[in-house]
Amino acid sequence: MAPETDSLFARVTSSESELPLGLTLLSGAIAAAVVFPLIWILANALEVGAGTAIDLLTRETTLRVFLNSTLLVAVVTGASILFAVPLAFLTVRTNLPLKRFWTVALSMPLVVPSYIGAFAFVSAFGPRGELQTMLAPLGIEKLPEIYGFTGAALVMTLYTYPYVFISTRAALKTMDARLVDAARTLQHSRWEAFRRVTIPQIRPAVTAGALLVALYTLSDFGTPAIMRFDVFTKVIYAEQNSLSTFGQDLAALLSLQLVVVTFVILAVESRVRGGDNIATNRASTRGAMVRLGKWKWPALALCLSVAGLALVVPVGILMAWLIRGGSSSAAASLEFQWQYAFNTVGVSAIAALVAGLAALPIAYLAVRHRSRASWLIERASYVGYAVPGVVMGLALVYFGARYGGRFYQQELILFPLLIFAYVVRFLPQAVGSTRAGFLQVSPTLSDAARTLGRSPVAAFREVTLPLVAPGLIGGALLVFLTTMKELPATLLLRPTGFKTLVTHIWSAQASGHFGHAAIPALVLVVVSAVSMLVMLAMEGYDVK
Amino acid sequence: MDSRDTSGASETGGRKRRAESAGTSRRRFLQSAGVTAGIASLAGCTDFLSGESDEPGNNTTTTSDFGQIGSGRTGDQIQGGTSMQDMPDLSGEITVYSGRGEALVGELISYIEGLYPDLTIQPRYEGSSQLVQKILNEGENSPADVFFSVNAGSLGFLKDEGRTVELSDEITGMVREEFHDPDGNWVGTSGRARTIPYNTDTFSESDIPTDIMAFPDADQFSDDIGWAPSYGSFQAFVTAMRILNGREATKQWLEGMIELGVQEYTDEFAIALAVADGEISAGFTNHYYIQRVLADREDAPLATAFTEGDAGAIFNVAGAAVVDTAQDQEMAANFVRHLLSAEAQAYFATTTYEYPLIPEVEPIGDLPTIDELNPPADLDLTQLSDIRPTLDLMREVGISV
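Line order of the protein sequences matches chains R and G.
For what it's worth, numbering that gives the first Met the number 0 labels the leading residue of the first sequence as 0, then goes sequentially.
For what it's worth, numbering that gives the first Met the number 0 labels the leading residue of the second sequence as 0, then goes sequentially.
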């Protein structure tokens, strides 16, 4: 266990140090269910003989893929922090003009599926792309290479940094800013005050966001595939498609290796996370705003370039597709139907609800009852996040078909399986956010309720839960957003005839009917944007 | 991507073409099918999720146009073969796992469904490889009746796993021997040939080598030829070369092409367009991309050349098999038979520009008949899906795939 049980934390949790049996069993069961599909991966990988396994894993391609994946995760995570933390600081603690607008604009890239972002960037900046075509009359023959590592890292960063941005903002808003003022009165420079007071307080939030970025980067398939950069997911996919038993073996082994890398990332995060936020019994107090002065313009330029690049490029390209594709008499079966949007919202809402409920006991246990077991349960809930959707989908098809009997054939269990896949993959988002919620609420509050004669359950329901609600709902909304964008598992597990926005986008794009892909993609972005606005509005209801 | 700029032009081109020509009945058939062509420039990277990259992208036909083919005016439109009307009726529910895109075969499948009042077809569109793995994972519990695949490789794989059933000679006998499984477990339904598109302003046919191995040394192509290495069909072609000429020769070929200054494109339709535009003078593509450009721009300086008896001239098929879990295997087989009907074969010829596989229906456009092609002898098409060593090799010489 990480050395995170500092004295402060020990003090906070001392009142409830014993693990409650029922809750532990419940959380344990959820964690076990989440890890369950990994058994299939493990079983597949074990079928490969040890000799073959070592042979495959030490091949040059495998090693390069390992290095590529690690490098991409490191750079994207690092760059996300480098962008997100200053941006969060600017939008919370300074007199940046139009702060509300920038908060929304800088969070919005999260609603754009990264593969659509990647497509847009290739269309715009690729060889013979929109930009080059536009610049051709000026004699510009070639643009800097978009394919490869640079493009993959750029696009991944642009569409994942909001995880860090949003969580850091939340921490900055709730931290007691008077501490900074106190440090300033102690003759610390602004930077020193930031380093010694602010950074330790926002560190858990930053690492929690960074963890989501790292795991998303590791499991994303679309972006590296479009950017032609060989990472685990891309090679696993190619191996599966090579349709030789040999390829299947390597795919299984690489999946396993991917899971191991996930564990390493989880362990690193656990160490870096450091002491958790100080639970306060009072509302946060805003210290004086930092006045930007002449730094206003560079700050605005930073906000504008990040939000502009991440939002204007894909929306512009989608609009171009819409206009150009509008006139063609494309295949009738590709006509957009609102049913796809309803389907998408429906499954995403159910997945968000289930994930929120499942996250509650896990997060509660992890915060209130520190122990090796609760730590293990919480970490286990993260593992599914890094398993690529295709691997997860195939694993669940296997289990569904083996044990689902007639119900599988009649497709009655596909919906539950689909929801399960979503929950397994996106539960960490709900756990992380709910966990942060619990950290902000002092256990002394429910202790007080207990002394007033409330049962533990009643104290939790009447006192703790309302205070945790913003974190819980925020986490569920994050799951909702991510579920709407998920493609590979949706394709594999959806009942026949059940179409969602992304499956429709996929059909249209794969056959080159970009005009037909544009409408569902724009609908997806708009629906996501609305839920993002709801999520941001919740910031208003900081824990009081 | 400049190829997408043509979508507007293609629309008007198609209309003009329809208005101008009223020649032979074959021509009229082409027009009535409402053939338009357009954009697929990103298809090479879009189908990262579909598993196969050789779906012809964007040809469309409207339901009513295609409906007319089957409902009445058959005489002057169907060129040959057996009409669906003369085939056994279909009824009940058939689940089709389709590795071919909905945009391409959706109309055909709804057409068949509309033909019989008691028939429900449940199509499930995913990548061919993904569907094969799904069937294997589903085991005995698979709802699939028919597997309709984009290439012979995935059909062969499913057969080798023992998950297909034998079709009657009556069905497999409809296509030539090399286009169905020797044991009759799958049958090809349409074909695609590897070709060399070339710009007729720059080259005449005699300038194009008939030996694929001669290309790296052909200086006339220096910095003037294009390929799409991330494209599934191209990878199948390199796989064929690996099988036919060996790994070392293939590596030298790839390195030679890079040295020659080959231009990289994201997909093969973009190559055909670039050749027509004179941006490059030749390339490597499937045959139907050339036809699609010509359908839009009849006077484009674009023509098709073939190599002879080597990897550059492979002819792969899309096809179908009956899955062993089919509820009613006879009905499923009869569905497959419908894919070989005169209507379906005409549909492939006119809307996807593929080669029809029943001898009575000819290919559309300026193409040799199947008999005139020279694909390599004794190449097992089902081997072409083993792209893993091919990808390794391509990465080894520095091609990013």
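Don't read these hints as lab results, they were simulated from the structure.
Check the hints yourself; a few may be wrong.
[Unchecked claim] Simulated restraints on C-beta separations:
#1 Asp-200(G) - Ile-322(R): 26 to 36 Å
#2 Ala-348(R) - Glu-92(G): 24 to 34 Å
#3 Ala-348(R) - Gln-84(G): 27 to 37 Å
#4 Gly-397(G) - Trp-190(R): 23 to 33 Å
#5 Glu-59(R) - Gln-326(G): 43 to 53 Å
#6 Thr-495(R) - Glu-169(G): 52 to 62 Å
Keep in mind that this is a model prediction, so the values were computed, not measured.
Using N, Cα and C, we set each Cβ at its ideal position, and we do this for glycine too.
**Message:** Output the indices of the hints that this structure fails to meet, ascending.
**Reply:** Violated: hints 3, 4 and 6.
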